[in-house]
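This is what each chain is made of:
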Amino acid sequence: MSWGKIFAIYTGAFVLFTILLALAEYAQLIPNRGIAYTYLVVTIGVYALIGILSRTARPDQYYVAGRGVPAFFNGMATGADWMSAASFISMAGALYATGYDGLAYVSGWTGGYVLLAIFLAPFLRKFGAYTIPDFLALRYGGNAARVVGLLMAIGASFTYLIAQITGVGIIMGRFLGLDFNVGAFVGLAGILVCSMLGGMRAVTWTQVAQYIILIIAYITPVAMLSWKHFAVPLPEFTYGQVLREITTIEQQLGVQKLWVDMAPGGMLNWFALCFCMMVGTAGLPHILMRYYTTPSVKQARDSVGWSLFFIFLLYFTAPAYAAFAKWTVLTDVIGRKVTELPQWVSRWGDSILGTPTNSLGLFDIVDKNGDGVLQLTDFVIKSTDFVVLATPEIAGLPFVVTGLVMAGGLAAALSTADGLLLTISNALSHDLYYKIVNPHASIVKRLTTARILLVVAAVAGAYVATFRINIIVAVVAYAFALAGSGFFPALVMGIFWKRANKQGAIAGMVVGFLTALVLIVLGRNWGIYLFGIKEIGAGVIGVPVGFLVIWAVSLMYPPPDRQTQELVESVRYPRGTTLKVAGVE
Amino acid sequence: MSAEIDEKTRQAYWEETSRITWIILVLWFVSWVGPLVLHRWLNQVVILGFPVSYWFAGQGSLAIFIVLIVWYAVFMNRLDRKYGLQEDEV
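In order, the protein sequence lines correspond to chains A and B. With numbering that gives the first Met the number 0 as the guide, the letters of the first sequence map in order to residues 0 to 584. With numbering that gives the first Met the number 0 as the guide, the letters of the second sequence map in order to residues 0 to 89.
By construction, these hints were calculated from the structure, which means they are not laboratory data. Note that the coordinates shown come from a computational prediction; the quantities given were computed from them, not determined experimentally. All C-beta atoms in this analysis are idealised placements derived from N, C-alpha and C, irrespective of residue type, glycine included. You can trust all of the hints, since none of them are fake.
DSS-like cross-link-like pairs, simulated, lysine-lysine; straight-line CA separation at most 30 angstroms:
#1 K7(B) to K497(A)
#2 K256(A) to K533(A)
#3 K381(A) to K256(A)
#4 K533(A) to K381(A)
#5 K227(A) to K381(A)
#6 K501(A) to K7(B)
#7 K81(B) to K497(A)
#8 K336(A) to K227(A)
#9 K256(A) to K336(A)
Stretches of chain A that chain B covers, calculated by requiring three or more beta carbons in the stretch to come under 8 angstroms of a beta carbon on chain B:
#10 105 to 116
#11 230 to 244
#12 263 to 272
#13 300 to 314
#14 565 to 574
Can you make the complete structure from the sequences, with help from the hints?
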């Protein structure tokens, strides 16, 4: 049976399963918590099953899925790999809070794929290694570049991983009432069964399955909300009406900065943030790695298109989510009497009528001037996550849809965690252990080491997540500035400029990374900004610095040897073979 | 190495590749920086309820990104065949 057929049946089965649960809820056969647990057990069970069926003992399967993933499915897998707990649960909320200013994330997290398509993906595929440090090592002659690359890959991926595990813990806490630590370790088990036995092969097909669930879960609630108001289930197009209403209400209320407008003087930082997210996207190793898995250069090119298409489906829906939520709050909550609040408010927030026992405390309803009517400032948001989480209830949908959202959020967090974990353990097992410590290791020994390190990295991630360090969430945003400034220039120059040499690349990676790091530390701790650019957009300075340093330092040292120049030639043309990395099939 | 492909073919191929890369890079930049820089004017224009700059930042630029990537893929896959540099069918 073809992959297409298998996943079509899978999608149908999932929809049917959701409908059956809805019927069970309607007939009052199953309580809310039962629905949530059913989703949890069934979805993680399916992921685990795929993981076990995809087990492998061959290194090319383990590291790059045998380079047999068709463009279409690699696109879906990349979509799931890319869209994290933050994209699924928090992004629409961030848009709710910031309006136009938050759209820098939406453009930024998609525009990076253009850079990936024209500068990196097809060439990395032609190169055909296992990891990103593999490329750096062969192109820039030796282990120094490899070590710099693997340290940056691990640094960026590990902080990102902790944020995903934190996401899993929070989701389980909110929907199942599980203790955070228990939730984190249950999630961890889910991640491990997916990736341990089958490596990249298992992670790829699990991610395809996870993408399907997350996209259904994301679009369904807001589509039904759009159906309710406009009789058209396409929120992406109907929310223009909503924007108009929002602007009208805001003008009536005398709001200074309209939601659809930019904050005054915000243009430079919008640009910096958006640029930084784009270049960071094209520099994150767990995404780059996915383009090693397609069967050909041609399919790698096509696959970037599919990737962005599947990501687009979620991202171009996010602004609609934010708009519908904003509208609901402005019309259903603000201006109402405190005693006449809609029902969803009591489940997701605290109100002055008291905190219901099952409230999740995502916002506070107060009555500052005590007139019994809610003003704009009386709705105090504690977590904008309510935008995605509460939409099913705002739309008056049954609980099963809320359960679906939980399953989607979980799929988003787990799929990203899978990809990150694999990046970390491959950097350790392939780049550090096999390439540096023990180049004579047998295949069995290499794969055993890879699996042990995978478990170690996962447990370490979950352990760190249990400390609930607040800075982690901020650090994830910084990972884009750091990955963009550190990796992107060296990778692009390695392909597009033959003259780039070892000294230049190492200097460029280190200086680019440190520039971004210093700007982040200065901005975060002392509020010192270069050109007024906030630390989250530090990459807008770090990236050009990285390019400049590679250029200048390369010219100070002799050009790379003939063999390296021929390697660069060979990655530029799809036909012909490339230099082989030892131990890479 | 691709010894069977002569230097001239490779050079011509790479020149065309560089050109399309630059073109797409410029269009990419314009597609998201344009609506940003013109924000004050574009947002005054409202189409189907969408202030135009807002629509670009939230949806329009994204659609352009997809078009650019697809264009690049189609162009390059054709270019490979034009110069006989395509991969052997697997």
